[in-house]
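In case you want the letters, here they are:
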Amino acid sequence: MSERVLMKGNEAIGEAAVQAGCQCYFGYPITPQNELTAYMSKRMLEEGRVFIQSESEIAAINMCFGAAAVGVRTMTSSSGPGISLKQEGISYVAGAELPLFFVNVMRGGPGLGNIAPSQADYFQCTKGGGHGDYRVIVYAPSDVQEQYDYTMLGFDLADRYRIPVLLATDGILGQMMEPLVLKKYKDPGDLPSKEAWRLGDPATKEPIWITSVRLGEGELEEHNFKLQKKYEEIAEKEVRFEEISLDDADIVMVAYGTSARVARSAMEMARAEGIKAGLLRPITLWPFPEKRLREIADKVDNMLAVEMSLGQMWEDVRLAVCGACRVHLHGRTAGGVPEETAIVDQIRKIMNSKGDEIIRNF
Amino acid sequence: MERIFTMPEAMKPEQTLYCPGCGHGIIHRLVAELVDEFGIRDRTIGIAPVGCSVFADKYWNFDVISAAHGRAPAVATGMKRGRPDSFVICYQGDGDLAAIGTAETIHAANRGEHFVTVFVNNAIYGMTGGQMAPTTLVGQRSMTCQLGRDPAIMGYPIRVCELLKDLPGVAFMARGSVDSPKNVLKTKKYLKKAYSNVLEGKGYSFVEIVSTCPTNWGMTPVKALEWLRENMLEHYELGVFRDCDAEA
Ligand SMILES: Cc1ncc(C[n+]2csc(CCOP(=O)(O)OP(=O)(O)O)c2C)c(N)n1
Ligand code: SF4
Ligand SMILES: [Mg+2]
Chain A
1 MSERVLMKGN EAIGEAAVQA GCQCYFGYPI TPQNELTAYM SKRMLEEGRV FIQSESEIAA
61 INMCFGAAAV GVRTMTSSSG PGISLKQEGI SYVAGAELPL FFVNVMRGGP GLGNIAPSQA
121 DYFQCTKGGG HGDYRVIVYA PSDVQEQYDY TMLGFDLADR YRIPVLLATD GILGQMMEPL
181 VLKKYKDPGD LPSKEAWRLG DPATKEPIWI TSVRLGEGEL EEHNFKLQKK YEEIAEKEVR
241 FEEISLDDAD IVMVAYGTSA RVARSAMEMA RAEGIKAGLL RPITLWPFPE KRLREIADKV
301 DNMLAVEMSL GQMWEDVRLA VCGACRVHLH GRTAGGVPEE TAIVDQIRKI MNSKGDEIIR
361 NF
Chain B
1 MERIFTMPEA MKPEQTLYCP GCGHGIIHRL VAELVDEFGI RDRTIGIAPV GCSVFADKYW
61 NFDVISAAHG RAPAVATGMK RGRPDSFVIC YQGDGDLAAI GTAETIHAAN RGEHFVTVFV
121 NNAIYGMTGG QMAPTTLVGQ RSMTCQLGRD PAIMGYPIRV CELLKDLPGV AFMARGSVDS
181 PKNVLKTKKY LKKAYSNVLE GKGYSFVEIV STCPTNWGMT PVKALEWLRE NMLEHYELGV
241 FRDCDAEA
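In order, the protein sequences belong to chains A and B.
For what it's worth, the numbering used here labels the leading residue of the first sequence as 1, then goes sequentially.
For what it's worth, the numbering used here labels the leading residue of the second sequence as 1, then goes sequentially.
So that you can see chain B by itself, here it is in the shape it has in the complex:
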């Protein structure tokens, strides 16, 4: 009998401790599948950010470093510059990347650092129990915007791709989602392009992934997917924002 579905080698045979319906597990797997597909497991270094994915090392079967909250792009820069033959995956949540680590993100992109950023946008601070994120939607409720996000007081949800796409250091930038098998596959295509760009030395490659946090959204996994589709995708348009190859 032919085996058509297995655990990627770049994934440890562990059950993740993420909540049911959480997008992190799917995204971890995409990251790992591509490490295998490119055959780069022995030189890959993943960054576990501060957020629910802080224990990504328990699931990824390659080298992992855990960075301080928001500092992953700086740590990635140090690793890649210190060891240019490594393949660095900078995995970050929305609080990590777009709040506390905004400066590190913009400047790594602007320098055109040669690593892949995987940006998991679940519009909330998952790990600390559901506080407002920079990407929390207008009107969305959270532990620290209990009446709903009011832009007059709390500002607007940041669209990171739109913010960064025009920096000349960026080689590839796209936004995918994990709300459906179709979008998961599309997201994988974006990631694949990001990996190959970095492997070919084209520069900074960034994939934002609109994801779910059923627990802190206070929804069932199925309802969370619906909510993502109905609310997040309107504000966070999917697609490619920058592709140096297409431009060339």
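For reference, chain A alone in the conformation it holds in the complex:
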């Protein structure tokens, strides 16, 4: 039987990484993810593995690049300002097709912003973030258990597709305590071997070159088309979402992470007063559940994006439904967390509105 404990989100991520065989953790302190770096500083050394508090986030991500290149599981974690610094390295990891797991415990921005919970890095998380034509798989857990589970899965997917995988969480999820089942890590058994491409292995016969430089005529385009094929495969196979009370819904909320927790209670409140609300909770932000949203849009007149950012996810919902229904926005920012009653107020307004009107809460 797996053990049940009470744990903070940030520490649950750390423990899941240790269980999943992460060999090297590199990080730099930043709130609200400090518990994760602190946890790893102890646990990794206890396990005889590598922990370095790097001189900067730039160094941390490049240490990950090196560790990934010799074929060991590696991770880093940070929050907005640090993730921005890591984008150069993430782009290199993507270009060189190395496996990487990283965590963004989101806080308010832009700039130094504040240390309050936020989802303001949605664009950065889902649209690449660094330079060049690449994608990153993004998990958006909404409780401590999911932060644990998707960390484990994240390491597997990083290895399966040789791609950076991001766990996008926020200051609330990272710091809150919830009961957690410490599931044992199970190797899927079918992950591709790293023997053919890892560096420094005396067993490989020919010298190996790991790079993201492709200067030859057409060489980079060819490589990027190959990456694109991989991204299409991921979009086909790895999209995840949860549907709650959609069958009879007249209005469907779309929300992830902390926002989804609030949207869920708002949904129950709305139902209590007779409004049939439902919730679609994306668990992967990339790939985004766009196909499913398009299907749902044919059955309802209204959707409401609920997010702790000002319309970043809303753009993806609108793109997905392609005009098939109205998509409204309930956005809070910079530490503002959506409130159930305010969401229900807006739902009432939406249900009483007509025509093409798009209703926002701000």
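Keep in mind that the hints were calculated from the coordinates and are not lab data.
Backbone N, C-alpha and C fix where the C-beta goes; we use that ideal spot for every residue, glycine too.
Just so you know, not all the hints are guaranteed correct.
Unchecked claim - Chain B side only, calculated, beta carbon under 8 Å to chain A, not exhaustive:
#, residue
1, 54
2, 63
3, 78
4, 79
5, 83
Unchecked claim - Covered stretches of chain B, as calculated for chain A (at least 3 residues, CB under 8 Å):
#, segment
6, 37-45
7, 66-72
8, 103-117
Got chain A sorted already, so can you dock chain B with the ligands onto it with the hints?
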């Protein structure tokens, strides 16, 4: 007949694309000869930096990774920590090591990371066409100091060995040059010491090599060697700056 001179096994049989008189080719060869001499080709990983040596993988016959500009020491750290039985050579130019990658360099040295750094100081940004480097001499002209480096505006050329030598993590630190066969051989001796230190687990080992960039200095290869001797060696003194064995 006895064959007395061959291509090192750790070097691919390719002609380098470096300009005539460029120091990179000589230094690549020294790096490779020592990989063979220590018999460590199968576990060596070289780092190709961002700079003219970005394609070092085309010449070295062992594993190579290309790092982002200045990040080689962090990448080296990740590789060596992730795979302690590997032998990592962190090859960097002056822009890479002493400008954009200064922080990574200082902290890798300070942690006493177990890899060899080969620092090619040609006092210029070669690859991007001859801009000022942190090591460009006072008065030296470049694309971005066309009237000559003026320290009042642009600061002074950094002496990296002198800056790093007192960090306790450093096991060996020396500065050589490729301006003459004699100095090439001496540089090889320094490199050899750096390799053996790392192989024996003594810690961070660093060899700066004063080198040439005839193309961006606007000189013939012969003139470039003269210029190096007459100007660079005065500011960049050759010799050993740190040797943990001598101290012990
Ligand atoms: C982040 C980033 N900034 C700038 C560049 C452009 N760039 C490429 S090489 C180089 C300078 C290299 O000079 P140095 O390290 O001295 O190497 P050399 O070519 O002289 O051997 C620069 C600025 C880059 N590739 N990446
Ligand atoms: S530009 Fe300078 S450093 Fe680059 S290959 Fe030519 S001579 Fe060498
Ligand atoms: Mg240079």
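Against the structure, the hints come out as follows:
1. 54: Since chain A brings a Cβ to about 6 Å from residue 54 of chain B, closer than 8 Å, the hint holds.
2. 63: holds (4 Å)
3. 78: holds (3 Å)
4. 79: holds (4 Å)
5. 83: holds (4 Å)
6. 37-45: holds (count 4)
7. 66-72: Coverage by chain A holds here, the residue count being 4 at a Cβ distance below 8 Å.
8. 103-117: holds (count 5)
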